[in-house]
Amino acid sequence: MLLVLSACGAAAPDPAAISQAVRETVAALPAPEAPQVSAPDPAAIAQAVRETVAALPAPEAPAAEPAATPEPAQPAEPATGESRLDTVLARGNLICGVSGSLAGFSNLEPDGSYSGLDADYCRVVAAALFNDPDAVEFVPLSAQERFTAVQAGTVDVLFRNTTWTASRDTSVFMDFGPTIFYDGQGMMVRADLSIATLEELDGATICVQSGTTTELNLTDQFRALNITFTPLVFEDIDATYTAYNEQQCDAVTSDRSQLIARRTTLAEPDAHIILDAVLSKEPLAPAVAQNDSRWTDVVVWSVFVTFQAEEFGLTSENVDTFLDTENPDIRRFLGVEGEVGIGFGLENDFAYSIVKNVGNYGEIYDRNLGPDTPFDLARGPNDLWTNGGLLYAPPFR
Numbered sequence: 001m002l003l004v005l006s007a008c009g010a011a012a013p014d015p016a017a018i019s020q021a022v023r024e025t026v027a028a029l030p031a032p033e034a035p036q037v038s039a040p041d042p043a044a045i046a047q048a049v050r051e052t053v054a055a056l057p058a059p060e061a062p063a064a065e066p067a068a069t070p071e072p073a074q075p076a077e078p079a080t081g082e083s084r085l086d087t088v089l090a091r092g093n094l095i096c097g098v099s100g101s102l103a104g105f106s107n108l109e110p111d112g113s114y115s116g117l118d119a120d121y122c123r124v125v126a127a128a129l130f131n132d133p134d135a136v137e138f139v140p141l142s143a144q145e146r147f148t149a150v151q152a153g154t155v156d157v158l159f160r161n162t163t164w165t166a167s168r169d170t171s172v173f174m175d176f177g178p179t180i181f182y183d184g185q186g187m188m189v190r191a192d193l194s195i196a197t198l199e200e201l202d203g204a205t206i207c208v209q210s211g212t213t214t215e216l217n218l219t220d221q222f223r224a225l226n227i228t229f230t231p232l233v234f235e236d237i238d239a240t241y242t243a244y245n246e247q248q249c250d251a252v253t254s255d256r257s258q259l260i261a262r263r264t265t266l267a268e269p270d271a272h273i274i275l276d277a278v279l280s281k282e283p284l285a286p287a288v289a290q291n292d293s294r295w296t297d298v299v300v301w302s303v304f305v306t307f308q309a310e311e312f313g314l315t316s317e318n319v320d321t322f323l324d325t326e327n328p329d330i331r332r333f334l335g336v337e338g339e340v341g342i343g344f345g346l347e348n349d350f351a352y353s354i355v356k357n358v359g360n361y362g363e364i365y366d367r368n369l370g371p372d373t374p375f376d377l378a379r380g381p382n383d384l385w386t387n388g389g390l391l392y393a394p395p396f397r
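For the sequence shown, my numbering assigns the number 1 to the initial residue and increments by one for each residue that follows.
None of these hints come from the bench; they were simulated from the model. Quantities reported herein were computed from a predicted structural model and do not represent experimental measurements.
Distance ranges between label pairs, derived from CB positions:
hint	residue 1	residue 2	range
1	93	320	22 to 30 Å
2	345	112	30 to 38 Å
3	101	191	19 to 27 Å
4	151	274	28 to 36 Å
5	144	325	47 to 55 Å
6	267	324	50 to 58 Å
7	389	87	32 to 40 Å
8	235	153	18 to 26 Å
Where a beta carbon is used, it is the ideal one built from N, C-alpha and C, also for glycine.
I would like the entire structure built from these sequences, with the hints used as guidance.
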């Protein structure tokens with residue numbers, strides 16, 4: 001502004017006067033109100049912090065992992081060092097589950113004793129444990145009761161004409177021993193019906209026991225043949241054959257060995273025939289509860305003793321003459337040398353006790369099912385491997 005005024009030819013104002021005027025003008029302006037700030041209260045600050053923190057949103061919790069799907073309940077595995085073997089030895093006898101009503105396998109006799117292949121194998125295990133084939137308590141079980149009895153520990157072992165199958169070895173939680181009888185499902189009909197094949201049973205009524213592989217196989221086989229039938233199902237095996245005998249059904253189906261045994265009990269056995277057809281494989285074997293290898297080993301190798309004894313030519317009558325043999329395999333087998341038996345937690349001569357008290361497999365078979373019995377069953381697959389059969393024991397060494 002001073003330059004403009006000077007250029008117009010006006011007199012320049014006094015700088016000192018201007019400065020004074022500015023000062024006076026500024027001084028005359030109203031002073032802005034200053035905010036009243038007091039010293040902060042520490043307690044108030046702390047409270048404010050707490051309230052602020054409390055007001056913050058909580059951090060999100062990590063998503064929970066989905067719960068694992070529970071495994072199917074299984075029989076508890078015995079603690080280390082504990083086994084049913086210890087329980088049985090301490091008790092002093094074997095509790096053995098059987099049928100009790102199947103001649104040739106396990107049948108209650110009028111004198112209260114049990115006869116049959118299965119019953120004798122209970123005695124085999126008792127002889128291995130106690131050198132006493134009579135140290136057995138027999139427990140008759142139905143087809144529906146048998147597995148529950150093993151799982152619950154009501155019986156120590158099951159020798160009850162029971163078929164070894166995949167599902168029974170897994171979902172039913174059984175461990176099976178060697179097959180003691182190779183069987184197959186058959187069909188029995190009255191001879192006057194003139195039926196010779198399964199196809200001729202189209203539309204027939206067939207008696208069958210529930211809770212068995214027989215019931216399942218029957219359905220599978222007839223479906224495969226594209227023929228129909230009406231099942232008449234019974235829980236009790238005696239009721240099954242009573243119904244057949246009373247002609248409530250045209251045929252009855254079961255393991256061929258059972259059909260042969262039951263036919264002998266009918267009023268006129270020759271009035272009934274067993275068809276040639278074999279509907280299935282039925283390997284009958286002992287069963288114990290899963291997850292107890294010490295006890296399973298005792299049952300398994302007791303059965304193998306009977307196979308190997310027959311292969312060696314040892315019988316209940318001649319076994320004593322082999323105690324002085326120079327054959328190292330037989331000496332180990334009989335416990336004369338080595339420690340095979342001790343390894344099972346048994347007496348070293350447990351195999352000798354089995355053979356001496358009960359016999360080899362051939363003796364057991366012939367006594368219950370062989371040519372001198374009403375059944376007269378040929379050995380067939382139930383012979384030693386050396387004779388073309390399926391019986392075979394691993395080495396005892």
